[in-house]
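Throw the hints in and build the complete structure from the sequences for me.
Residue numbers (numbering that gives the first Met the number 0), protein chains in the order written: chain Y, 0 to 318; chain Z, 0 to 318; chain R, 0 to 318; chain W, 0 to 318; chain F, 0 to 318; chain P, 0 to 318.
No wet-lab data here; the hints were simulated from the structure. Bear in mind the structure is a predicted one, so any value in this text is a computation, not a measurement. Possibly wrong hints are sitting among the right ones.
[Claimed, not checked] Covered by chain Z, according to a simulated footprint, are these stretches of chain Y (three or more residues, beta-carbon under 8 Å):
#	region
1	245 to 251
2	303 to 312
[To be verified] With the C-beta cut set under 7 Å, the calculated list includes, among others, these residues of chain F facing chain W:
#	residue
3	Gln106
4	Arg204
5	Gln317
We put the CB at the ideal spot given by N, CA and C, even for glycine.
There are 6 protein chains.
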Amino acid sequence: MSSNEIKYDVLTLGETMWRLSPPGRERLDTTRSLDVNVGGSESNVAIALARLGKRVAWWSRLPDNGPGRHVAATLRMHGVDVSGVCWDNGRLGTYFVEFGSPPRPTQVIYDRANSSASHMRPEDFDWSVIRHCRWLHLTGITPALSASCLETTRRAVHEARAANVPVSFDLNYRAKLWTPAQAAAVYDELAGCATVVIAAERDVRLMYGANCNAHDLHERWNGAVVVLTRSADGAIAYDGKTDVEAPGYPVQVVDRVGAGDAFDAGLLCALLDGKPLGEALRWGNAVAALKLTMQGDIAVIHRAEVEHLLAEGSSAIQR
Amino acid sequence: MSSNEIKYDVLTLGETMWRLSPPGRERLDTTRSLDVNVGGSESNVAIALARLGKRVAWWSRLPDNGPGRHVAATLRMHGVDVSGVCWDNGRLGTYFVEFGSPPRPTQVIYDRANSSASHMRPEDFDWSVIRHCRWLHLTGITPALSASCLETTRRAVHEARAANVPVSFDLNYRAKLWTPAQAAAVYDELAGCATVVIAAERDVRLMYGANCNAHDLHERWNGAVVVLTRSADGAIAYDGKTDVEAPGYPVQVVDRVGAGDAFDAGLLCALLDGKPLGEALRWGNAVAALKLTMQGDIAVIHRAEVEHLLAEGSSAIQR
Amino acid sequence: MSSNEIKYDVLTLGETMWRLSPPGRERLDTTRSLDVNVGGSESNVAIALARLGKRVAWWSRLPDNGPGRHVAATLRMHGVDVSGVCWDNGRLGTYFVEFGSPPRPTQVIYDRANSSASHMRPEDFDWSVIRHCRWLHLTGITPALSASCLETTRRAVHEARAANVPVSFDLNYRAKLWTPAQAAAVYDELAGCATVVIAAERDVRLMYGANCNAHDLHERWNGAVVVLTRSADGAIAYDGKTDVEAPGYPVQVVDRVGAGDAFDAGLLCALLDGKPLGEALRWGNAVAALKLTMQGDIAVIHRAEVEHLLAEGSSAIQR
Amino acid sequence: MSSNEIKYDVLTLGETMWRLSPPGRERLDTTRSLDVNVGGSESNVAIALARLGKRVAWWSRLPDNGPGRHVAATLRMHGVDVSGVCWDNGRLGTYFVEFGSPPRPTQVIYDRANSSASHMRPEDFDWSVIRHCRWLHLTGITPALSASCLETTRRAVHEARAANVPVSFDLNYRAKLWTPAQAAAVYDELAGCATVVIAAERDVRLMYGANCNAHDLHERWNGAVVVLTRSADGAIAYDGKTDVEAPGYPVQVVDRVGAGDAFDAGLLCALLDGKPLGEALRWGNAVAALKLTMQGDIAVIHRAEVEHLLAEGSSAIQR
Amino acid sequence: MSSNEIKYDVLTLGETMWRLSPPGRERLDTTRSLDVNVGGSESNVAIALARLGKRVAWWSRLPDNGPGRHVAATLRMHGVDVSGVCWDNGRLGTYFVEFGSPPRPTQVIYDRANSSASHMRPEDFDWSVIRHCRWLHLTGITPALSASCLETTRRAVHEARAANVPVSFDLNYRAKLWTPAQAAAVYDELAGCATVVIAAERDVRLMYGANCNAHDLHERWNGAVVVLTRSADGAIAYDGKTDVEAPGYPVQVVDRVGAGDAFDAGLLCALLDGKPLGEALRWGNAVAALKLTMQGDIAVIHRAEVEHLLAEGSSAIQR
Amino acid sequence: MSSNEIKYDVLTLGETMWRLSPPGRERLDTTRSLDVNVGGSESNVAIALARLGKRVAWWSRLPDNGPGRHVAATLRMHGVDVSGVCWDNGRLGTYFVEFGSPPRPTQVIYDRANSSASHMRPEDFDWSVIRHCRWLHLTGITPALSASCLETTRRAVHEARAANVPVSFDLNYRAKLWTPAQAAAVYDELAGCATVVIAAERDVRLMYGANCNAHDLHERWNGAVVVLTRSADGAIAYDGKTDVEAPGYPVQVVDRVGAGDAFDAGLLCALLDGKPLGEALRWGNAVAALKLTMQGDIAVIHRAEVEHLLAEGSSAIQR
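In structure tokens form, the structure reads like this:
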């Protein structure tokens with residue numbers, strides 16, 4: 000490969016787990032079977048981007064057993080390159096999701112401690128690949144998993160900067176992994192090196208105060224483009240010059256999990272295609288809306304239907 | 000059978016397919032199983048009429064294999080006479096339905112080309128039966144399937160006229176089968192011989208212009224009673240004397256496909272029972288509303304529950 | 000056991016059946032499988048109370064075969080003591096539920112005649128247990144099942160009074176079992192001996208007139224605390240001194256059946272915990288709301304989530 | 000209908016039930032769902048005959064509710080005429096089947112007492128139909144259900160005799176319904192009027208002694224052709240002149256229930272087609288063997304595959 | 000409780016896990032769902048004993064979340080007392096089972112490291128209960144889980160000896176948990192204190208040499224009754240006086256896992272009932288044979304069917 | 000890519016279909032759902048080879064709709080490169096499989112006429128890729144699909160010869176596609192250019208006479224290595240010098256379809272690894288045996304378990 004040849008549009012890395020959930024509205028206490036889905040913030044983004052036509056690689060550690068191979072097969076199925084995965088004899092992290100119905104909340108229980116992915120180390124990966132990538136995507140989950148995961152994330156950011164590869168960073172605050180104070184320090188370090196930072200407005204308020212806005216964060220994070228998502232209310236962004244905003248789509252929700260990752264994928268796809276920030280927000284909203292209509296973390300979308308939704312809006316039946 | 004003995008209340012003919020759909024909101028791209036339902040506009044009408052107590056015969060061509068026999072068995076199960084079906088060694092038409100959730104549309108993919116039904120010819124059937132029927136029901140789908148299907152539809156209309164058997168004709172425009180211009184010529188020929196013509200108001204506007212109304216169509220089609228359906232908004236009709244209208248029912252929709260056929264069945268049942276046109280529209284709306292609460296093309300209704308809905312309106316639980 | 004030692008917080012008795020329902024919105028006419036749930040008003044209350052941490056015993060007659068053992072196993076699974084059940088060689092009552100979608104009603108068909116439970120007699124049980132209980136719960140269904148069931152219910156009330164054990168009585172009027180007039184006589188006898196009487200406001204109006212209110216019933220039933228439930232509109236109560244009221248929760252309903260029993264359990268749990276009547280109504284509403292989000296008659300709840308709902312209200316996702 | 004016109008090749012009557020069984024090897028004690036099949040000795044025979052191309056009518060009483068309509072729909076699906084069924088407001092008999100695996104036996108639990116079918120009376124049916132039938136088929140189950148069922152069976156035999164319609168009678172001894180002594184008296188009465196009597200050799204030995212053979216029974220039953228079935232070992236028969244015998248097929252059994260009824264259908268089909276007794280036994284064995292490869296009481300066979308099995312024997316795959 | 004009152008027939012303790020297996024012969028690499036069963040050697044024994052009518056308590060540590068509560072509910076369902084379980088905030092051990100078909104082996108993957116049960120400590124339990132038990136059952140799995148588990152097992156043995164409660168010990172060698180040498184030392188310590196020691200002959204040969212027999216082990220373990228199981232070939236035993244042997248049953252195996260535990264339960268049940276050792280082996284074989292016909296680790300048996308199998312042998316159908 | 004760089008170990012091309020089969024032993028006539036599997040002789044080989052660690056590309060035409068994308072996703076999931084597939088707007092070929100049980104045969108019904116794959120043409124593919132491949136695998140199915148498919152197969156063979164890439168050719172005779180005479184002419188043309196020819200001994204006898212053996216075929220096909228498969232009886236081969244033979248494995252068959260393709264993959268994998276022909280036959284037998292234990296056409300194998308089976312033989316459970 001010549002030194003500046005592009006092999007991947009996007010490289011990302013992180014932990015991906017089995018998501019085990021009782022069918023329908025059944026409870027874990029009494030269930031007889033579990034639906035198996037594959038979920039991880041970064042791999043969700045990777046899959047949606049690959050389905051939108053981008054060349055995407057995902058790096059992680061996986062155990063070389065049935066569950067680990069299942070995760071790799073799922074990513075391959077959707078077109079993501081998993082050749083950089085590091086295989087070991089550990090365990091796959093899992094999480095249980097019990098779907099509620101208002102007023103009963105959907106509940107998530109993690110069983111991810113000591114997973115193979117939590118043992119990710121910088122030396123597991125071939126960093127020379129980064130200079131053949133157009134973009135690096137990271138989230139705030141990975142650095143919270145373990146010290147070696149934090150080191151791996153740091154290394155990724157520094158390699159990208161060294162190779163002039165833009166970095167997107169989604170805060171993805173997880174209260175079960177660390178405290179806001181612990182998270183904030185790491186966020187400042189990593190988001191401060193990023194080109195685009197994406198965060199749920201809800202998390203931003205929790206961590207930086209109810210009055211914190213995109214302008215504040217833009218400054219805090221050394222001029223990064225700041226994108227704030229507001230679930231059904233769409234998204235806003237500030238790039239240092241203009242405030243842009245795009246409303247969300249009315250959705251009859253089937254499964255909420257993974258919608259934020261789908262947003263990221265839509266946003267990054269549009270940015271990689273050279274679209275302006277406002278249109279990228281609309282792409283993010285459209286991909287997120289489609290994901291919400293599907294069971295599982297993964298946005299099983301096609302580029303044509305995203306474009307159709309953006310152009311024509313919703314329709315009831317196509318025949 | 001004596002020459003004027005009535006054997007069937009309604010005779011109908013057309014193509015019926017296997018409808019294959021992934022369970023729940025699953026996508027075709029990733030599904031591991033398909034739910035099998037049976038659907039065809041005319042057989043949907045036939046089944047609902049049979050369940051409402053009418054003697055109904057359905058004619059078609061079916062392949063003499065598992066899928067073909069499945070279709071015949073399904074019609075028999077609901078009480079439709081399939082003894083006039085012509086069996087061959089062809090293939091059963093199929094269509095795939097992928098259920099969406101707003102803003103993701105439900106998508107229909109047809110795989111019906113070269114089906115056994117598309118080879119229907121006038122000589123496949125014993126036309127002397129028509130004079131022992133009280134009514135003939137046809138749709139605008141059959142003549143679009145092939146030249147021999149068009150010939151068969153024409154023959155049916157002419158035999159009915161010759162025997163003084165009233166004919167209902169539901170336009171059922173299918174954009175994947177022909178253009179509005181192709182369709183319009185055939186519609187004029189067939190609807191012009193019909194006693195009752197049913198059309199979706201949406202299709203009428205597409206084909207005859209946004210201002211076209213029931214009066215225009217009544218005239219265009221030689222005095223046929225014209226019934227226009229408006230989905231959730233109910234139906235209107237004009238019989239040359241009076242404009243009648245009936246509002247639809249509020250429905251929590253389970254599956255939209257087949258609602259128009261259910262409407263036809265309710266309408267025809269009421270007309271055959273000698274009810275006035277306005278009440279026939281209400282019957283059509285009630286049967287359509289019940290169909291919308293069920294998975295599959297078929298209205299698995301009972302006459303008593305239609306009458307209960309018409310008399311008492313909706314109720315949450317009966318125990 | 001010393002003479003005043005408490006063994007059970009609550010004792011209850013009644014009929015429990017297999018509830019057989021086609022999956023989804025499928026109809027009994029065409030279904031290929033039936034979901035098996037266990038349902039009975041008193042055992043629903045018993046299970047929810049046991050899950051909330053109370054020691055609960057349930058008495059009944061069950062056939063010593065697969066279906067009968069299934070019922071006992073289900074109660075045991077949720078922590079209810081079934082050691083007092085009387086086993087015979089009869090049949091388990093069943094009922095079929097066909098889930099509708101508006102405007103199609105959910106339909107319940109009973110097949111409970113001549114069930115083992117309908118043969119319950121006073122001599123089937125060891126009445127000395129009652130004085131080791133803190134509470135007795137009965138419903139108006141049991142006395143409607145048979146003469147011997149009526150005798151058993153009477154005996155229970157009299158034993159409780161003799162042992163100074165408070166009694167709750169839920170009218171639970173079932174039109175398929177008896178007429179309002181038949182029911183009213185029995186209600187007066189039994190509710191007149193109860194400490195707390197619970198009734199659906201709808202049933203009260205049917206039986207005692209549209210103007211009948213909690214004050215009237217309090218007087219009619221010799222000073223019992225009267226609790227009237229209003230489905231989504233919550234509940235009201237009168238204890239001879241104060242009128243209390245608690246609004247219901249907005250719920251996205253999954254399955255309605257059993258919500259009234261869940262209300263009873265929440266109410267009784269709070270009363271047994273010494274909470275005031277108003278708070279007991281709120282407990283009843285919370286448990287009922289959670290039950291409505293689950294398939295089946297049974298409220299598969301945990302005390303912590305009831306308390307969370309009462310304290311924090313509804314939330315979409317917990318992770 | 001002219002007085003000697005044939006409307007049905009075979010008329011039969013009896014009770015048909017819902018057969019409810021846990022999936023796979025699951026037990027009733029712990030199951031969460033039940034597979035629904037339809038089973039009744041006479042309707043099993045009727046269905047297999049209809050599938051083999053005969054015109055068949057089945058008479059019974061059914062409740063006019065979901066389960067009852069389900070039974071009628073299933074018979075119609077397979078081509079059996081159910082227009083002679085008498086509808087009431089009773090209950091459908093059910094039976095539970097728990098599939099074992101050696102050494103655990105498959106277990107059958109009946110819940111059929113007081114079913115609609117058990118209330119069958121002679122006056123429920125239009126006996127004039129019998130003279131338009133080529134054959135009447137009865138079993139020894141119906142007369143065991145109730146006094147009125149016995150009367151109905153008697154009436155059927157007498158009407159057939161009066162109309163010179165041959166009668167087949169399958170003993171089908173059921174130990175849960177009556178004792179051998181009770182059964183024997185009725186068998187002698189009914190089999191003594193039959194043209195063909197079919198019995199499991201096992202039952203014959205139980206009732207008439209280990210040494211009883213087809214010749215003895217031929218004499219006992221006034222010269223009826225006697226057919227004795229021996230499960231996997233095939234069948235033997237004696238018609239007063241010749242002893243014939245046909246070996247069974249080696250089968251990998253999927254579900255045993257209904258194999259005897261399938262044998263009856265094969266036998267009767269061949270006899271109606273004018274085949275000699277030995278070939279009729281072979282037809283019986285072939286249809287029974289095919290039924291054993293299917294879940295459920297019903298032989299979902301096609302005439303072509305019966306003929307293929309008879310002509311070519313077993314094959315592993317056809318493509 | 001008076002000091003010598005018996006509360007439980009059998010007390011046991013150990014780890015119980017969720018067993019997650021793809022349906023049918025599906026592989027973990029590609030599965031979309033997992034069947035959930037509950038399995039643990041000691042709880043399997045506990046459940047089978049409870050189903051045979053014994054009063055049984057099971058002690059362990061479980062996480063207070065859905066999976067942990069599911070395990071406790073399953074034991075309660077089958078009649079086991081779980082009131083002595085110690086609840087924490089840990090994780091439930093799980094294991095994956097992928098069912099093969101010869102020549103493809105069934106494969107088991109454990110994910111049990113750091114489970115709640117592995118943190119069991121002597122101080123988690125109220126040891127005064129032991130003197131109210133008739134029997135203590137332990138296995139060689141628990142001491143292999145962790146140092147604190149080993150301490151807990153030791154404590155149990157010592158408490159039982161102090162209270163003169165007989166102890167059964169099943170070696171249950173697990174090669175994934177420790178080496179033969181590690182295991183042997185612990186076995187000698189624990190089996191040397193036991194009344195009855197059960198082992199697979201296969202394991203005995205692996206650990207003590209191909210020539211080791213029951214007499215050698217009887218001596219090695221201070222006079223314990225030694226029972227050796229040989230899968231389909233039944234079991235042998237030596238009590239210091241007599242060699243007894245009982246052949247296994249021919250079985251059409253549905254699921255092998257848990258058969259050894261079922262054997263233990265049959266054996267212990269018979270010994271507790273005062274039956275001689277030879278008959279106890281036969282009980283062990285019968286319960287094991289029935290378990291082999293069921294999916295899952297658990298023997299969902301009834302005492303009557305065990306007795307029927309012992310008395311009558313296998314039968315194909317009971318109706 | 001430099002001119003002699005190897006990109007793929009194996010290239011193959013052909014038609015892949017959706018295989019739709021009723022669950023269990025259900026029949027097409029009555030089924031309510033279909034299991035979806037993906038099957039095509041060449042893609043089955045490609046998948047098994049990729050799972051064994053080879054770099055494999057598969058070429059075909061697929062419709063750009065849900066079913067077509069499903070096929071591509073399945074191949075990608077198992078590691079096959081589908082970037083050379085030509086997409087169109089046609090239909091995906093399907094076939095129905097109804098699983099029998101002896102004596103009822105498994106039945107296959109094809110609905111593949113006019114599929115996208117049948118329109119494959121030489122100009123759909125970039126033939127320059129062949130010189131970067133180590134091996135080309137073809138079957139006798141593709142040339143039977145259409146004239147353009149025959150042309151494509153011919154072109155592939157000629158390109159491979161020109162690039163000195165060895166070719167394997169599996170006759171795979173399909174009686175529903177052409178007659179033996181039609182097939183034989185094409186076989187001679189293509190097999191005559193192949194390095195390795197694989198055929199079922201059964202087909203060879205059908206086409207070339209009962210006495211035809213591997214030596215005859217070796218000569219007929221210009222010195223190709225001839226491999227004859229005999230199902231359970233293993234395989235034999237002749238390479239012009241030595242006759243080699245390898246016995247099959249005893250298998251408890253779950254699904255027969257695809258076993259021949261699995262054999263091919265095992266054989267080719269071993270040959271590519273430089274193993275001698277006899278060992279390659281053993282590899283073929285081992286992969287075929289594992290495939291037979293799985294539902295579906297695809298051998299979801301791992302290299303380690305093939306090696307384990309070859310080295311250790313069958314084992315019942317691994318834990």
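Looking at the structure, which of the earlier hints fail to hold? 3 and 4
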